[in-house]
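Asker: Protein chains in written order, with the working numbering: chain A, 1 to 366; chain B, 1 to 366.
Calculated from the structure, these hints are not laboratory results.
The C-beta atom is built at its ideal place from N, Cα and C for all residues, glycine as well.
One should not assume that every hint holds.
Said to hold, decoys possible - With a cut-off of at most 16 Å between alpha-carbon atoms, the simulated EDC-like pairs for lysine to aspartate or glutamate come out as follows:
no. : chain 1 : residue 1 : chain 2 : residue 2
1   : B       : K315      : A       : D100
2   : A       : K315      : B       : E255
3   : B       : K321      : B       : D300
4   : B       : K50       : B       : E88
5   : A       : K150      : A       : D138
6   : B       : K50       : B       : E97
7   : A       : K150      : A       : D100
8   : A       : K315      : B       : E313
9   : A       : K50       : A       : D100
10  : B       : K50       : B       : D109
11  : B       : K315      : A       : D138
12  : A       : K50       : A       : D109
Said to hold, decoys possible - Simulated restraints, written as ranges between beta carbons of each label pair:
no. : chain 1 : residue 1 : chain 2 : residue 2 : range
13  : A       : E305      : B       : S343      : 20 to 30 Å
14  : A       : E88       : B       : G314      : 34 to 44 Å
15  : B       : G170      : A       : R107      : 53 to 63 Å
Stated by the list, open to error - Chain A side only, calculated, beta carbon under 10 Å to chain B, not exhaustive:
no. : residue
16  : Q253
17  : E313
18  : G323
19  : C338
There are 2 protein chains.
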Amino acid sequence: MSDGLRVWQVWMYCHLYRRLERFRRPELLDAARAGGEFLLHSARVAPPAKKCAFVLTRDGRPVKVQRTIFSECFYTMAMNELWRVTGEARYQSEAVEMMDQIIHWVREDPSGLGRPQLPGAPATESMAVPMMLLNLVDQLGEEDEELAVKYAELGDWCAQRVLQHVQRDGQAVLEHVSEDGEELSGCLGRHQNPGHALEAGWFLLRHTHRRGDPALRAHVIDKFLLLPFRSGWDPEHGGLFYFQDADGLCPTQLEWAMKLWWPHSEAMIAFLMGYSDGGDPALLHVFYQVAEYTFRQFRDPEYGEWFGYLNREGKVALTIKGGPFKGCFHVPRCLAMCEEMLSALLSRPAPAPARPIPDPARRGAE
Amino acid sequence: MSDGLRVWQVWMYCHLYRRLERFRRPELLDAARAGGEFLLHSARVAPPAKKCAFVLTRDGRPVKVQRTIFSECFYTMAMNELWRVTGEARYQSEAVEMMDQIIHWVREDPSGLGRPQLPGAPATESMAVPMMLLNLVDQLGEEDEELAVKYAELGDWCAQRVLQHVQRDGQAVLEHVSEDGEELSGCLGRHQNPGHALEAGWFLLRHTHRRGDPALRAHVIDKFLLLPFRSGWDPEHGGLFYFQDADGLCPTQLEWAMKLWWPHSEAMIAFLMGYSDGGDPALLHVFYQVAEYTFRQFRDPEYGEWFGYLNREGKVALTIKGGPFKGCFHVPRCLAMCEEMLSALLSRPAPAPARPIPDPARRGAE
């Protein structure tokens with residue numbers, strides 16, 4: 001149950017196989033394909049309905065189902081990436097059909113997700129939904145003119161929905177807003193997740209790149225990169241807080257002050273992407289600062305891999321390398337993307353960075 | 001939404017009013033009665049069905065509904081206690097009708113709770129369910145011969161179900177077991193919650209007291225008091241861990257090593273009750289040890305009340321005094337019960353305890 005296949009692992013294996021020469025290894029493709037076939041066979045809870053399980057047993061029986069779109073989003077990413085490396089059309093048609101179902105749930109009728117409609121629960125938008133969908137637009141439209149055109153309007157809609165999470169005269173990114181883009185009352189409305197804002201930041205940067213919108217690009221760097229970094233970085237012990245309250249009150253989540261691996265890997269991607277696009281040395285400086293903390297605090301020099309969960313002071317709080325939410329995804333995606341961006345920077349006729357990347361030998365090893 | 005009334009607060013106000021002379025104040029009864037009327041009017045999500053909301057808006061609309069029995073259990077406790085202090089029969093009939101519904105959900109047909117039946121999810125029993133029901137048997141049967149007789153068999157059944165969470169030849173209390181009382185595979189099966197075991201311990205002690213079963217009493221003290229204390233007490237920094245893994249592996253919950261207020265208040269009740277019944281000084285010694293840690297680490301000497309959430313080292317991690325799960329319940333229940341037990345001990349012709357209770361002036365102040 002706990003050692004099952006991860007949907008995002010299928011995506012990751014295919015992505016590494018496709019993008020990085022040294023990972024073009026048949027065993028990686030075979031594993032991804034086996035995972036994909038398992039998903040095709042077992043992911044749906046009640047086929048032909050498209051709702052997918054979040055956890056399956058080793059033999060493919062559903063254990064948990066989330067009343068959100070995220071299992072289906074990762075399913076779509078895995079299927080699209082499998083199509084890209086194998087060329088088999090059935091994977092792509094799975095991806096596009098699931099994408100259309102997700103769009104229907106998000107933009108037309110969420111009732112298929114199974115969430116109860118309670119009269120006292122305000123209609124809220126979690127930033128995770130439009131940002132995940134924006135990431136899918138990026139995934140499906142990559143070097144695919146037809147789908148890029150098909151989903152262009154959707155991409156604009158997603159970007160606009162993510163952008164409405166910038167609240168308080170541009171002074172805060174809030175994780176949940178009302179359906180109309182207003183701040184919600186109480187601690188739900190004040191809830192902030194700096195790593196999530198930074199991840200949304202690089203999804204938006206790629207969107208502005210596709211759309212060729214430099215004014216939006218500057219806004220994104222200001223509001224989704226620099227703002228969450230400034231407010232989310234612990235001035236005392238370093239590292240990004242997991243959760244914050246926009247009024248500076250104490251969050252109600254027990255783990256709010258912990259330092260998790262993935263906000264740091266997403267921050268590295270965001271700042272390196274921001275620097276690669278525009279050349280502002282301030283963004284490169286933050287990339288260094290985050291990377292230095294990350295490689296110093298999260299990596300396990302003895303047995304490899306990164307730890308996932310540190311306490312506020314930076315001490316390892318959970319010794320597990322993988323768990324219900326830490327799999328083969330954020331770390332390799334960060335390392336692969338940073339490697340590609342750094343290689344591109346180094347091949348440009350530009351001055352080399354003033355300081356070396358911390359422990360560069362490490363990056364290719366995971 | 002977040003400042004709503006708490007069901008357990010109604011119970012607590014009535015309980016203090018009824019049991020402790022200095023709390024027999026009309027404003028406490030008025031507040032409890034107002035809360036009770038609000039619950040009667042608004043707690044049920046879709047009356048006449050009995051499922052209750054977990055969170056309501058200030059004006060009584062449901063915000064969250066849990067697919068468990070716990071909201072209904074606290075509703076039952078509140079109504080029964082309201083009947084005890086007001087004598088109004090409508091509160092008691094509400095309590096008994098809800099109790100019968102809960103018993104139906106637990107022992108006959110859980111489908112009304114709305115949990116999906118997934119083929120890969122093993123049929124598990126969470127210790128919380130029989131222990132909560134055992135606590136209700138205690139509540140409803142107190143000085144009520146008719147209900148004590150009505151629920152006697154249920155009490156035995158609950159005790160037997162809680163006892164089957166003692167696993168591994170008596171070496172571990174496991175939070176989740178199979179429906180047949182076997183250890184579950186994986187980290188779910190190894191999951192331990194020392195504070196919960198200790199709370200179950202004093203529920204069982206009261207059961208053995210009602211049933212007059214000294215052999216069971218010795219077993220409970222051994223397995224639900226001393227065992228969780230020995231394995232759950234942090235030898236390095238003191239205090240009870242929130243979660244543990246029965247194999248000593250790292251739990252997957254981010255907050256596993258934090259020190260929460262309620263396991264400590266439940267431990268104080270359990271050990272003082274164990275000592276009061278049998279006189280074993282070892283149990284009094286543990287009570288002292290827990291109370292000393294608790295009053296030193298959790299209480300706020302400046303503004304009163306207890307903090308709820310410390311990090312492993314004992315530093316306050318969340319400065320909130322109340323939150324989604326910390327209300328007017330564990331602290332006053334602990335202080336009221338300990339005060340009653342200590343008064344009874346002091347009025348006995350027995351040698352006085354060798355060491356004073358830490359900061360006794362504090363106890364009555366909350």
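Asker: Hints numbered earlier in the text: which of these fail when held up against the supplied structure?
Answerer: Going through the list in order, the structure violates hints 1, 4, 11, 13, 14 and 19 and respects the others.
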